[in-house]
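Visitor: Sequence:
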Amino acid sequence: MVRYIFIQNFQVSEDTNSLSATVSINKDFWVFKDHFPGFPIFPGALMVETLAQHCVALMMQKKDKESSVLPTLIQVDRAKFLEPVTPDCVLNISIKKEMEMYPNFKFLGEIHVNDRKVCSARLTMAFKDMGIGGGLDFMDFFLKGMS
26 MVRYIFIQNF QVSEDTNSLS ATVSINKDFW VFKDHFPGFP IFPGALMVET LAQHCVALMM
86 QKKDKESSVL PTLIQVDRAK FLEPVTPDCV LNISIKKEME MYPNFKFLGE IHVNDRKVCS
146 ARLTMAFKDM GIGGGLDFMD FFLKGMS
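Counting in the working numbering, the sequence shown runs from 26 upward without gaps.
Treat the hints with caution; some may be incorrect.
With a straight-line cut-off of 25 Å between C-alpha atoms, the simulated PhoX-like cross-links for lysine-lysine are [claimed, not checked]: (1) Lys-142 - Lys-88; (2) Lys-121 - Lys-131; (3) Lys-88 - Lys-121.
Each pair of labels, with its calculated beta carbon distance range [to be verified]: (4) Ser-93 - His-137: 34 to 42 Å; (5) Glu-108 - Ser-38: 34 to 42 Å; (6) Glu-108 - Asp-154: 23 to 31 Å; (7) Asp-140 - Ala-104: 16 to 24 Å; (8) Pro-68 - Glu-39: 28 to 36 Å; (9) Gly-63 - Asp-154: 25 to 33 Å; (10) Gln-33 - Leu-107: 36 to 44 Å; (11) Phe-64 - Glu-39: 38 to 46 Å; (12) Gln-36 - Pro-112: 34 to 42 Å; (13) Cys-114 - Lys-153: 30 to 38 Å; (14) Ala-104 - Tyr-29: 12 to 20 Å; (15) Pro-62 - Asp-89: 43 to 51 Å.
Calculated from the structure, these hints are not laboratory results.
Backbone N, C-alpha and C define an ideal beta-carbon position, used for all residues, glycine too.
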């Protein structure tokens with residue numbers, strides 16, 4: 026189950042090969058209570074989740090509306106966390122499609138804060154049949170915004 030949706034504001038390029046987005050990270054976000062007390066840092070795993078959710082946004086441009094398949098994260102390669110991300114910042118997300126061999130996709134994702142790269146990763150995604158109920162909490166949210 027997806028506990029938090031990091032999709033706030035994004036634009037897909039005309040050729041649907043890239044996406045740019047912004048995500049505001051508020052100091053009141055629940056994760057900062059425990060990560061870490063006295064020195065709050067946005068977790069690297071959530072940075073990768075943010076990138077993956079934006080890859081889904083890009084993949085949805087290619088999805089047949091009648092299809093039952095859903096975008097799924099398959100693999101993360103070369104994830105780098107270059108600087109700590111602290112509360113009350115804006116993440117500038119960029120996603121670039123590097124390869125498409127439907128139903129598989131490879132993306133390069135980067136996060137910048139104040140023009141400094143703080144995270145990058147290569148993500149392999151695929152359209153998969155998730156079965157009844159698989160991933161629907163996120164996809165219901167997503168599809169309502171896409172219609």
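Visitor: Taking the hints in turn, state whether each one holds.
Guide: Quick rundown of the hints versus the structure:
1. For the hint pairing Lys-142 with Lys-88, the CA-to-CA distance comes to about 30 Å; that exceeds 25 Å, so the pair is violated.
2. A C-alpha spacing of about 9 Å is found between Lys-121 and Lys-131, which places the hinted pair at or below 25 Å, so the restraint holds.
3. A distance of roughly 17 Å separates the Cα atoms of Lys-88 and Lys-121; the hinted pair therefore holds under the 25 Å criterion.
4. Evaluation of the 34 to 42 Å hint for Ser-93 and His-137 yields a pass: the beta carbon distance comes to about 36 Å.
5. Taking the beta carbon of each, Glu-108 and Ser-38 are about 27 Å apart, not inside 34 to 42 Å as hinted.
6. Evaluation of the 23 to 31 Å hint for Glu-108 and Asp-154 yields a failure: the beta carbon distance comes to about 39 Å.
7. In this structure the supplied range 16 to 24 Å holds for Asp-140 paired with Ala-104, their Cβ-Cβ distance being about 21 Å.
8. Hint check: Pro-68 to Glu-39, Cβ distance near 34 Å, so the stated range 28 to 36 Å holds.
9. In this structure the supplied range 25 to 33 Å is violated for Gly-63 paired with Asp-154, their Cβ-Cβ distance being about 45 Å.
10. Evaluation of the 36 to 44 Å hint for Gln-33 and Leu-107 yields a failure: the beta carbon distance comes to about 22 Å.
11. Taking 38 to 46 Å as the suggested C-beta distance range, the pair Phe-64 and Glu-39 conforms, at roughly 42 Å.
12. Distance hint for Gln-36 and Pro-112: a CB-CB separation of about 25 Å, inconsistent with the stated range 34 to 42 Å.
13. The given range of 30 to 38 Å is respected by Cys-114 and Lys-153, whose C-beta atoms sit roughly 33 Å from each other.
14. Against the hinted window of 12 to 20 Å, the Cβ-Cβ separation of Ala-104 and Tyr-29 comes to about 19 Å, which satisfies the hint.
15. One distance hint, 43 to 51 Å for the beta-carbon pair Pro-62 and Asp-89, holds here, with the actual separation near 47 Å.
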